[in-house]
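> Next come the chains, spelled out residue by residue.
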Amino acid sequence: MNIVVLVKQVPDSGSERTLSGSDNTVERASADNVINEMDEYAIEEALKLTEADGGEVTILTMGPEQAGETIRKSLSMGAHKAVHVTDAALHGSCAVQTSAVLAKALGTLEWDLVLCGAESTDGQVAVMPAMLSERLGVPHLTGARKLTVDGGTLTVERQTDGGYWVLEAQAPAIVSVWDTINEPRYPSFKGIMAAKSKPVTTLGLSDLGLESTDVGLDNATSQVVEFANRPPKEAGQVVTDEGDGAAKLAEFLVGQKFI
Amino acid sequence: MAEVLVLIEHADGTVRKAALESLTVARGLGEPSAVVCGAPGEAAALRDRLAEYGAAKIYVAESEDMVSYLVAPKTELLAQLIAEKSPAAVVVPSTNEGKEIAGRLAVRTGSGLLTDVTEVDADGTATQVVFAGAVIVKSKVCTGTPIYTLRPNSVSPEPAPAAGEEETVEFTVSDAAKATKILDRVVETTTSRPELTEAGIVVSGGRGVGSAENFAIIEGLADALGGAVGASRAATDSGFYPHQFQVGQTGKTVSPQLYLAAGISGAIQHRAGMQTSKTIVVINKDGEAPIFDLADFGVVGDLNKVVPALTDEVTKRKG
Ligand SMILES: Cc1cc2nc3c(=O)[nH]c(=O)nc-3n(C[C@H](O)[C@H](O)[C@H](O)COP(=O)(O)OP(=O)(O)OC[C@H]3O[C@@H](n4cnc5c(N)ncnc54)[C@H](O)[C@@H]3O)c2cc1C
Ligand SMILES: Nc1ncnc2c1ncn2[C@@H]1O[C@H](COP(=O)(O)O)[C@@H](O)[C@H]1O
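Line by line, the protein sequences give chains A and B. Those letters in the first sequence? Residues 1 to 259, by this note's numbering. Those letters in the second sequence? Residues 260 to 578, by this note's numbering.
By construction, these hints were calculated from the structure, which means they are not laboratory data. Hints may contain errors.
[Stated by the list, open to error] Label pairs and their in silico Cβ distance ranges:
{"hint": "1", "chain 1": "B", "residue 1": "448", "chain 2": "A", "residue 2": "230", "range": "40 to 48 Å"}
{"hint": "2", "chain 1": "A", "residue 1": "230", "chain 2": "B", "residue 2": "496", "range": "26 to 34 Å"}
{"hint": "3", "chain 1": "A", "residue 1": "170", "chain 2": "B", "residue 2": "422", "range": "38 to 46 Å"}
[Stated by the list, open to error] To list a few chain A residues with every Cβ distance to chain B over 12 Å, as calculated:
{"hint": "4", "residue": "49"}
{"hint": "5", "residue": "191"}
{"hint": "6", "residue": "207"}
{"hint": "7", "residue": "211"}
[Claimed, not checked] In silico EDC-like cross-links for lysine to aspartate or glutamate, where the CA-CA straight-line distance does not exceed 20 Å:
{"hint": "8", "chain 1": "A", "residue 1": "257", "chain 2": "B", "residue 2": "482"}
{"hint": "9", "chain 1": "B", "residue 1": "511", "chain 2": "A", "residue 2": "122"}
{"hint": "10", "chain 1": "A", "residue 1": "198", "chain 2": "A", "residue 2": "69"}
{"hint": "11", "chain 1": "B", "residue 1": "544", "chain 2": "A", "residue 2": "242"}
{"hint": "12", "chain 1": "A", "residue 1": "146", "chain 2": "A", "residue 2": "53"}
{"hint": "13", "chain 1": "B", "residue 1": "564", "chain 2": "A", "residue 2": "251"}
{"hint": "14", "chain 1": "B", "residue 1": "344", "chain 2": "B", "residue 2": "425"}
{"hint": "15", "chain 1": "B", "residue 1": "399", "chain 2": "A", "residue 2": "23"}
{"hint": "16", "chain 1": "A", "residue 1": "146", "chain 2": "B", "residue 2": "496"}
Heads up, the beta-carbon is just placed ideally off N, CA and C, and yes, glycines get one too.
Let's have the full structure, built from the sequences with the hints guiding it.
Below, the structure written as structure tokens:
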């Protein structure tokens, strides 16, 4: 089966992240940008499926020019080709607009399955697969910790608070995955070399039949009005346990009325 | 006053705390109308509680289809209600299901969506805490009917008795909304403790707890305090505690009154899930662990000694 994996480039959650002072959008230019961790699990799942049953894996990314690095990493893991949607007009797009762009881009590709991460670490909105399902009129099986493909029938264990739900739908469909689904591979040296010559198609808005008024900060369905970095917490009281640590902590909890 | 639609989360015949919080927030924007979806007969038990917490109206849509298919039927129902009632806003809980419903609804109705909000002002401006709690953002919706998903534990539910007038919605689920079947709901772990994201007190253990068996001391403290148990990813990855109790960027986001972290170093990804807790207490043998930066009260010491001793102190004081 042919699979498209949606991959997003995000600022590294381990480094300092902020918004841009000029237009309140996520600061991407100066950030350490990495592949959204959960998307690596989606790539791994796609590779496993195509290695078993044939078919090609295509990476689809919408993002600025530097997202090309993320695409290379995805290709070095073993994906076959990639589509990079990039256009200056896309800057500041909201999730609703992004879903419109990704839906159009998916329309230019042939696929039986779209795989993506359950959530991105910058926006943490976890809405993209559901939005794409709404736009494309195909089912979504979201939050998978396990995916089984049997002909055209897809079965997913959807992770829930106390266990899981069993979901079933027919391909073509969209599946999003959590980090419990597999263990992503590291790119091999051979994979890294091969990635350099794999095809990457770059598409702009006009290639997708979209206008600049359909996307971007000025036309977004929601906007950040202001932001502030949260002040660092005031230093609390720290004691070293000399047999009395628990008693002191209990005193504190009593003072705060937790006991 | 304009209506505000509130999608009600309920389970086993009771209204979830998250739904009461949503009703409380909705009151700041207009007159709350509760929207109850469920299997036939489920709504009746919820009426009194919804009225007590401010639902002027209760729209009821009951059918097996609501519980047999994923997300899409509820989206269709809300879209129909938006078209019929022209509400000022829609409030949905920030659960995985809630966010998916909200996302589909935003696309379907051409509306703006703000997820994981912690507060909404009367003019519709919402507050979000992003980047592991490092940045506070105020956002507004520019198009359509504003849709908010409310992060659990952000506000305390306040009663405000209202009419709670029930109205059955004429509604049929389309075939298109029946594409993803829910074949089964499997419960793997049952706990008598409060739900992690709703709990007022959370006691979490990390790699420092050392083993699955030793998590019993974390559970013991949680039970003494009447709290929920959480874990770091190092603890869940090591098999010390089930995955669904993981707190952090790729786990649950919690914001309790009291968060107690034992044997957790305080990696940014863990902080992402607990940083907005009101009071943070730390037990760690390494005084240099970054988690101490967040502590209102910290004990440098061995959790194997401090945690059981604290459990004893709590039990003693509670008498
Ligand atoms: C993309 C990504 C997503 C992630 N998501 C999450 C997430 O959602 N949640 C999460 O928690 N992590 C997450 N992580 C992992 C995170 O980076 C840390 O590895 C993890 O939080 C560490 O867990 P820990 O603090 O229990 O373990 P460690 O960092 O190993 O810390 C153990 C602590 O226990 C203390 N200790 C040991 N023995 C004792 C004792 N006897 N008494 C007292 N103290 C003791 C030590 O001093 C140490 O500070 C993620 C990582 C990545 C890359
Ligand atoms: N700009 C984008 N380009 C490609 N994939 C995306 C983009 N935004 C979101 N996704 C995909 O949708 C998933 C969920 O993201 P989100 O809804 O932003 O939390 C991510 O893990 C990606 O797989």
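> Against each hint, give a clear statement of whether it holds in the structure.
Hints, verified against the model:
1. One distance hint, 40 to 48 Å for the beta-carbon pair residue 448 of chain B and residue 230 of chain A, is violated here, with the actual separation near 34 Å.
2. A hinted range of 26 to 34 Å for the beta carbons of residue 230 of chain A and residue 496 of chain B is consistent with their spacing of about 28 Å.
3. Distance hint check: the CB atoms of residue 170 of chain A and residue 422 of chain B are about 45 Å apart, consistent with the given range 38 to 46 Å.
4. The claim that residue 49 of chain A lies off the interface holds: its Cβ sits roughly 19 Å from the closest Cβ of chain B, which is beyond the 12 Å cut-off.
5. Once the 12 Å rule is applied to beta carbons, residue 191 of chain A is consistent with being away from chain B; the minimum gap is 25 Å.
6. With a minimum CB-CB distance of about 22 Å to chain B, residue 207 of chain A clears the 12 Å threshold, and the non-interface call stands.
7. Listed as a non-interface residue, residue 211 of chain A keeps its Cβ farther than 12 Å from every Cβ of chain B; the least gap is roughly 16 Å.
8. Simply put, residue 257 of chain A and residue 482 of chain B have alpha-carbon atoms about 17 Å apart, close enough for the 20 Å limit, and the pair holds.
9. Restraint check: the Cα-Cα separation between residue 511 of chain B and residue 122 of chain A comes to about 16 Å, which is no more than 20 Å; the hinted pair holds.
10. The suggested pairing of residue 198 of chain A with residue 69 of chain A holds, with an alpha-carbon distance near 13 Å, which does not exceed 20 Å.
11. For the hint pairing residue 544 of chain B with residue 242 of chain A, the CA-to-CA distance comes to about 12 Å; that is within 20 Å, so the pair holds.
12. For the hint pairing residue 146 of chain A with residue 53 of chain A, the CA-to-CA distance comes to about 17 Å; that is within 20 Å, so the pair holds.
13. Distance check on the hinted pair: residue 564 of chain B and residue 251 of chain A sit about 17 Å apart at the alpha-carbon level, within 20 Å; holds.
14. Annotation: proposed proximity of residue 344 of chain B to residue 425 of chain B holds, straight-line Cα distance about 15 Å (limit 20 Å).
15. About 14 Å separates the Cα atoms of residue 399 of chain B and residue 23 of chain A, which keeps this hinted pair within 20 Å; it holds.
16. A threshold of 20 Å between alpha carbons decides the hint, and for residue 146 of chain A with residue 496 of chain B the separation of about 17 Å falls inside it, so the pair holds.
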